[in-house]
Amino acid sequence: MNREIIFNKSVPGRKSSFLNECGVSFEDIKQFIPARFLRERLEFPSLGELDVVRHYINLSKLNFSVDANFYPLGSCTMKYNPKLNEDLAGIKEFGSIHPYQDQDLVQGALKLVYDLGKVLCAVTGMSRFSFQAAAGAQAELAGLLIIRAYHNLNKNSRSKVIIPDSAHGTNPATASMCGYDVVVVKSTPEGLVDVDELSKVVDDDTAAIMLTNPNTLGLFEERILDISDILHKKKAFLYYDGANFNPLMGVVDPFSMGFDVIHLNLHKTFSTPHGSGGPGVGALGVIDKLKEFLPVPVVDKKNDVYFFNYELRNTIGRVKAFYGNFLVLVKAYAYILRLGRQGLKRVAENSVLNARYIKEKLKNHYKAVSLKACMHEVVFSCEHQRDNGVSVLEIAKRLIDFGIHPPTIYFPLIVKEALMVEPTETESKETLDHFISAMKEINSEIQFSPQKFKYAPFTTPVRRVDETAAARSPDLRWKKTGG
Amino acid sequence: MPYILNTSAQIKEMLNELGLSSLDELYGHLPQEVRTGNPDIASGLSEAEVKSYIESLAKQNSSIENFNSFLGAGIYDHYIPSALNHILYRTEFYTPYTPYQPECSQGVLQAIYEYQTFICLLTGMDVSNASLYDGASSLSEAVLMALRITKRNKVIVSETTHPEYRKTVRTYLSGVDCSINEVGFCPDGLIDFDFLKKEIDEDTACIVVQSPNFFGLIEDLEEIGRFAKAKGAVFVLTANPMSLSILKQPADLGVDIVCGDGQPFGGGMNFGGPTFGFLATKEKYTRQIPGRIAGKTKDADGAFAFCLTLQTREQHIRRQRATSNICSNQSLNAVGAAIYLSLMGKDGLQNVALRSTAMAHYLYSKLKQTHKVKLPFGERFFNEFVWQIEPSAGILAKLKQNKIIAGLALDNFYPNLKNHILSACTEKKSKDDIDKFVENLINP
Ligand SMILES: Cc1ncc(COP(=O)(O)O)c(C=O)c1O
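For the protein sequence lines, the chains are P and R, in the order given. So in the working numbering, spot 406 of the first sequence is number 406, and the numbers just go up one at a time. So in the working numbering, spot 9 of the second sequence is number 9, and the numbers just go up one at a time.
FYI, nobody ran anything at the bench for these hints, they're computed from the structure. Any given hint could be a false lead.
If you want a taste of the chain R side facing chain P, the calculated C-beta under 7 Å gives, among others [what the hints assert, rightly or not]:
(1) G37
(2) A111
(3) V127
(4) A358
We put the CB at the ideal spot given by N, CA and C, even for glycine.
If we strip away everything but chain R, and leave its shape as in the complex, we get (with noise of 0.2 Å):
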């Protein structure tokens, strides 16, 4: 049999050690009404049977390298360096669980303490926590931290974060009794602060807002940020973190509470998973953040050594009270996130977004020039933006034909942007793959 190493003479040893003479009579005890399981289904394969068809199922994919690809919204096609995957699927990374006993868990206890602190120092937050699942339960969490740190009961999102996102948000709280209300966007795609003076009050608990939003543009965070500590509301950013290497950072900016997707450092796109949530607070709050922490601490020779810690937040010791539920989290990604910061430096990580955001400015000029657009947005926005044109089924699936996917259509998530698509660009993009589009868009 696969995968286990005792022969049928070990077995039958053990088996006589314990007094019984077949395997079935190990389920002796149980109520013969239970014993159904003999399910329907094929006998086992050779490795290489298993092989071959599962690469057969492979083959039914298309790998987005055979394509010029424009889409982002939430995951991104950014270089993966070489010397990341080696570390990662290192067994000693791979093949362990969470760090219980942290006299044989150095290495990973010390590569969370160091994620730990590249999500501090990019943030300006004074403490993260070791991983959550994604970014739209991260923010889920963040937001059920805000409750209760403001024991209010009223959540504000912006309609402008990703719609996967707000709706997982919506689930999340559906055992919570508290309000959530959605603030609109005027036309240049920006929150609409008019609505958001109207909708924040006393019982407001938290203003969630996404920036770079969904539709790629940077928000006035500042001025948000002012709004929220007015009300005293909490301040919940979710953010792409790569473009936290250039843009300011939340701390600075009136965010309590900063949080998103992990994928855009070194992550693949995987189909959308596994990626890993960030999530990252001041000090103050410490004690209600979900999930896992590392800590610096001492061992018995006095030398430096790192455990799991602050756990009496944890549903294992807290149970119902427990800031949580999580347990499993997605620690391999996000030591996979330390490695990729340690990789690049910041200069690298700069680079990447500094021409990620060159790249999709580039492409909107050219879109500009084509006047066979619309650009119904502003101009301030990161790797990613919106642009219209009619009729956009028929135009994608002509430019799809010609090996190119040009973005998102928005209509499923915004039934009022009809014909609107979202582009975004990744420092893999060069100046031609972007001329090869917008010249297929203009002689199709």
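Just chain P, with the same shape it has in the complex (with noise of 0.2 Å):
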């Protein structure tokens, strides 16, 4: 196929019309705008319908999907996106709705976001929530704003965040977007948080701990309760990064073990696509004393009428303008009314023994990290295929050939060669058991034939792409010369 970008493929004169002709031209608008306002070029192609259609849909082709390929990539929960719930989201009513149309004119929408908080109460045990949100990373901004908005209130402000080391990344660069120092405190050779070294850094200059439970190696934190003593004690927050969420649903909810604001990405658990990185919701809860801190508006009820509230006493103000991502809204909320409380329930076993399943059958040919027994996700070391001469980078590219996305690798930072598997629950017995015969068979080959991967992936429209190359010379964007 010809994949030319498609500023090369502009052919002047052509376009395709989608207005009738306005009649107004610069000349007319010089009468409003003043010419010195107006520009003169603007050096976009000109194309035909058909040639937009062809090209996007040809670059589609160039990608692995959930809906086409086993795509275990660990921490970001890629289960299968219902298509009902696409249906839902393209309603006309939810669609064309503006904003700043009169509340009356949205009771639907309104009552959506509501009843949608209320469910979510439910499952975690917090107070309240709001899902202004874009993601995850921006919840917990919003999160830790709240904490750091209740300690200067408390006239206490403090200055530490303690994160995990296995932690993800936007926890340690959000507790410095929010002005607080980052203590990393050190997993256990076990790969739990290390609770006697945490009691030696936790004090009264602790604003918080941002915590995933199950941690990033996939592990229940089982001192939770004691982690949250030794916050609690010196009057410091716990916040859950929600990531890992979906193991957990209708068995253990967050407020139970001792978690006062949370986030949960609804882009995982909840089943919302992924659109390529984006959009997604981080639902921001938080326990009861910290309601009226959070991001306004909310939605309330008064008298069976669902309005705005701006109307909380502490709030830290606005992480986004309107009120969040609200078409993700609808189809996280659909996924839940669909499932109902067996159903989720039943989504966090199957995404635990799916997990365990592909531990048990890999565990003699790549090394687990951990003896212990995983929740939703397996992390692997491949040490021992690197000493071979075969990296982690190298056996997740060859996957690609077995029409496999690859699992994240190279995280959690703290695993040499990390390999980190996350199946999830809507996959089934025989797409595991081809991804634990594609790993073995990849572990023959690095035996029998390692000089293999020094090329692979061989099935896929560009090989191994040069991503040194990209960052030594950046090249960001199309010009004219040189294309």
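From the two separate chains plus the hints, produce the assembled complex.
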């Protein structure tokens, strides 16, 4: 196919018109906007509708996707995205409503947001949710600012946020955006937070700990109640990065683990599609005493009428214009209604079953990072393979030839040659078995034909992309000369 | 169970492999005290039941299509070509995640590279990132960039920047040691230059201006750019990208960072989200940019190929020293914009912008003729403007009964601007729509 960049496909004079000739020209506009404010050139391509359709449809074919491929990208919960939800989010009365329409014209939308908040409170034990944040990281920002505002209000400002060394990068990055110093606590050899170490670093200057549970090694922090005691004794908060909530839904709620502020990634646990990197929603939940700190507005109800409430006493303000990624909420809510209480629990259980099955079947071939039972994901260290001359990157690339999207690699950072596999509950045993046999085959290839890995993948439209060169001499946009 | 493929026989077989006899035992190692989850929520519904229930909620909304609407203020009702969503709803764009593995993600990587190019061509800037969450957060990120670039700590923001954006900036900066000073506007609705001159000094990290401003007016950016340059401050512009298709490119006006909300480029109104944020700047600030960036390179055979690049700026590598905490962005919406701009081309896009402007000015002149309304500000506006009528609440309510949404009442955001209304036009407005609106206003 012709992979040429769209700007090089331009044919002067060609166009697709979607409007009738409007009969308005720059000459006319100059009556309203003086010429010195108007631009002269705009070098956009000239194309017809079919040119554009064919270009992007052909590009789409170069991507792996959840619908076409097993996609066990650890920490990202790449579960199947039910089609029903897309149809519902596509309803005109959701897509064609303006954020500043009077509230009596959007009662259905407000009810949906309100009820979604209630359901998530039931699932998590939190008292109230805000849906303004567009992704997990943005919810982390809002959540830590809430913690900060609470401490400040109590004339007790603090400077440190504690983060385990296995944490996702957004956690420390968020803490420093909020003006906190990051204090890293080590993990034990088993892969859990070192609670003794933790008790040494938590003090009166500690604002919070940011924790995901199961942690990024896929392990449940069994001493979570001790951790929460240590923090709460110092009047510090527990922030729950709910990126890994999938295996706990309906089984364990974050409130009973001692968490005070949490976010759930609706684009992970609640099945909304990832869109090649977004949009998502970071649903932010808090315990009762932090309710008044949430971003505004939140949706409230009075005499069966729903409305935007801007009057939260201690609100941190806003992290986004309007009300968040509303259409994503429609999808997540449809998902929850469809599954119900039992269904959510089954999701959790099967996500664990699938991961543990993979671990069981591969543990004699790849080194499992922990002997402990894993939850929804399993992390292997490909150290031995590396010793035999093949890196985890090369293993990942070879997996592509088996039609499998590679797992997350080199994360968590504390694991050498990490390969982080999250199958999710929506995958079947047959698919898991295919993955398992591919991984075994790769192992024997490492033994018998290691040179192959220098060139894999063999089946993709491009082979082994030179990322070092990309960073060394950045080419970040097309230019007319040279293309 | 919905969305789970494994049969009970398979589940049993897998449990057997693990030496377990029930799913519950998967959680056997968890402390009993935390195993409290048994949420009080309803049982699952069938697909048909979910569908009809959610549809019933949707029916309690009234789509803007039922009205003759003049709402804008950051979200605009432009025409979306049918081809756009047919492309974007390809599951190969819809269901993957961030293209970490370039060999199996060339399609979306190339689309992002093309998106970045569109944004650069539109703004005149050298680099664009792959998208941020929305206009308000992209402005906040731009201000954070300016603080890093200048290592100064005073931020000046024009009061005619979208009020919700200003509020977002304040929240984003609440953990940062800096001051935020707002500069007011003149009676004509444009930035108060005397005020600005007094505020700006050697400590100023950046001047933030929206143009067309919240009242729709086009600011004299060149002049503001000169002030910024004289004091070594970064000039941050937030703009409706549709306006840039006909207005001078910001890079030529002394702007250092341009950002905004991409919704006008093929995005639905979506009750305000999802949309996406764009951010573009000069080459020298490349390493201060937040978020993902796609780059062009070569593969092992020397063929051109794309990948995410300059990742050492980002949280997954740089952690607490990253340029931002952003991870997931609004990729699909940005790809949608690239498709929209490809479909529209230069003429198509300018057609939209010109017609939106012409319609807004037609409405303005009709309102002027009525002698019933005041037009408090100047006439140099793009697709929206402010008018004044008393008592606005009653009149807006009356118009709404006649299926006309006249615009946004401004007193919530600007308590001094009582009875002021902000009205916008897009290319979807006809002369007839406008005549009907004005007629209803005169003869309620
Ligand atoms: C453990 C963890 N925390 C936080 C995040 C950030 O979430 P988002 O990409 O929605 O901002 C991720 C996402 O990859 C994650 O895996």
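Hints, one by one, checked against the model:
1. G37: holds, 5 Å
2. A111: holds, 6 Å
3. V127: holds, 5 Å
4. A358: Interface hint status for R/A358: holds (4 Å vs cutoff 7 Å).
Hint violations for this structure: none, all hints satisfied.
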